[in-house]
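Basically the numbering used here = 1-based index in the sequence shown + 13.
Everything labelled a hint here was simulated from the structure, so no lab data went into it. Every residue, glycine too, gets a C-beta built ideally from N, C-alpha and C. There may be inaccurate statements among the hints.
What the hints assert, rightly or not - Derived BS3-like pairs (lysine-lysine); straight-line CA-CA distance at most 27 Å:
1. LYS92 <-> LYS19
2. LYS161 <-> LYS256
3. LYS19 <-> LYS207
4. LYS92 <-> LYS161
5. LYS161 <-> LYS17
6. LYS17 <-> LYS207
7. LYS91 <-> LYS19
8. LYS256 <-> LYS75
9. LYS161 <-> LYS75
10. LYS73 <-> LYS207
11. LYS17 <-> LYS92
12. LYS17 <-> LYS75
13. LYS161 <-> LYS207
14. LYS161 <-> LYS19
15. LYS161 <-> LYS16
16. LYS92 <-> LYS207
17. LYS256 <-> LYS91
18. LYS16 <-> LYS91
19. LYS73 <-> LYS256
20. LYS16 <-> LYS73
21. LYS17 <-> LYS91
22. LYS16 <-> LYS207
23. LYS256 <-> LYS17
24. LYS19 <-> LYS73
25. LYS16 <-> LYS75
To be verified - Estimated spans, in silico, between C-beta atoms of each pair:
26. PRO115 <-> VAL15: 34 to 40 Å
27. ASP81 <-> VAL112: 37 to 43 Å
28. GLY76 <-> GLU23: 14 to 20 Å
29. HIS230 <-> LEU62: 42 to 48 Å
30. LYS75 <-> MET182: 39 to 45 Å
31. VAL243 <-> MET44: 43 to 49 Å
32. PRO115 <-> ASP81: 46 to 52 Å
33. PRO233 <-> PHE254: 30 to 36 Å
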Amino acid sequence: MVKKTKCICESFLITLSFVLFIGIVSSVIIMNIQNALEYMALISGMAQLLYLILVIILLKIKGVAIQDRCQVRPVSYKKYILPAVAAFSFSAFSNIIQVNIPIPEALTGDMENHLGNSIVAFIMSVFIIAPIVEEVVFRGLIMTKLRKEMSVTTSSLLSAVLFAIIHFMAGGTITVIHAFWGGLIFALVYEKTKSLLPAIAAHSFGNIGGFVPQAIHSCPAIIQYMIGVVFMIVAILSCAFLKSNANKKMPNVSRSLKS
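Take these sequences, add in the hints, and give me the full structure.
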């Protein structure tokens, strides 16, 4: 019980350090650069990269390689397909529903208004940097630690909850709920493949799926709903296949790793 409590506390501290670091670094940059909000995506991405570098340095000091601590190991290309389909389909479905159902702005937040005007920076931050850094933190660091003391269900739920919490910085309640379910999918992928790489790929494809509503916005509403239902079915089936093939235990992390 003591070990479980310690794991949970450490997981919350990692999440808090992530939020504070990104918030402080971003705020400092914004206050010192004119028109910084136009480059918000780039600023957020750079802050996350700095956090990742800090994590790598701290692990190195402890004598731990990040690829070992976070289960970064190559896997067959086939293990990327189902995770990518599941995450993309879920995100497409969720965003189609959000676009077509009137939701108060207080619940959705105004994430889109703070992404900035640089397309290149946006792509780098949302599709590359964020998936890598957030998966390292919430699956590689947090879920791996929780999984050593808890069941896959408990560790997946806790890592997804913590992952969802950080999205209060970027959006409203709907964004947080969307992130929670996305976090569960990424946790399932990590558990199934025993590698962080497919989870990162799934995260990236999940972010890409958020732009499906823009691609079909000219279609009648009923068609958009039908497309959303198709994506929902695909997401459910993909997750079901992932769940059925998931192993019961994560591989033992090297005993040389320090807690």
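Using the Cβ atoms, figure out if PRO233 sits within 30 to 36 Å of PHE254.
holds, 32 Å
Satisfaction of hint between LYS19 and LYS161, Cα-Cα up to 27 Å:
Given pair LYS161, LYS19 holds - Cα atoms ~12 Å apart, limit 27 Å.
Tell me if the straight-line CA distance from LYS91 to LYS19 falls inside 27 Å.
Violated, at roughly 36 Å.
Proposed proximity, LYS75 with LYS17 (alpha carbon, max 27 Å)
With a Cα-Cα distance of about 22 Å, the restraint between LYS17 and LYS75 holds, given a limit of 27 Å.
Please work out if LYS92 and LYS19 have their alpha carbons no farther apart than 27 Å.
violated, 33 Å
Quickly compare the C-alpha distance for LYS161 and LYS75 to 27 Å and report which way the hint goes.
Since the Cα atoms of LYS161 and LYS75 sit roughly 19 Å apart, the hinted pair holds (cutoff 27 Å).
Run the distance test for LYS16 versus LYS207: straight-line Cα separation, threshold 27 Å.
holds, 23 Å
Please work out if LYS161 and LYS17 have their alpha carbons no farther apart than 27 Å.
The given pair, whose Cα atoms are some 9 Å apart, holds under the 27 Å limit.
Would the pair LYS16 and LYS75 pass a check requiring their Cα atoms to be no farther apart than 27 Å?
holds, 20 Å
Would you check the hint for LYS256 and LYS75, treating anything up to 27 Å between C-alpha atoms as holding?
Violated - the C-alpha atoms of LYS75 and LYS256 are around 34 Å apart, more than 27 Å.
Given the hinted pair LYS73 and LYS256, is their Cα-Cα distance within 27 Å?
violated, 34 Å
Decide if the proposed pair is consistent with the structure: LYS19 and LYS73, CA atoms, cutoff 27 Å inclusive.
holds, 22 Å
Violated hints, in rising order: 1, 7, 8, 11, 18, 19, 21, 26, 29 and 30; the structure is consistent with all others.
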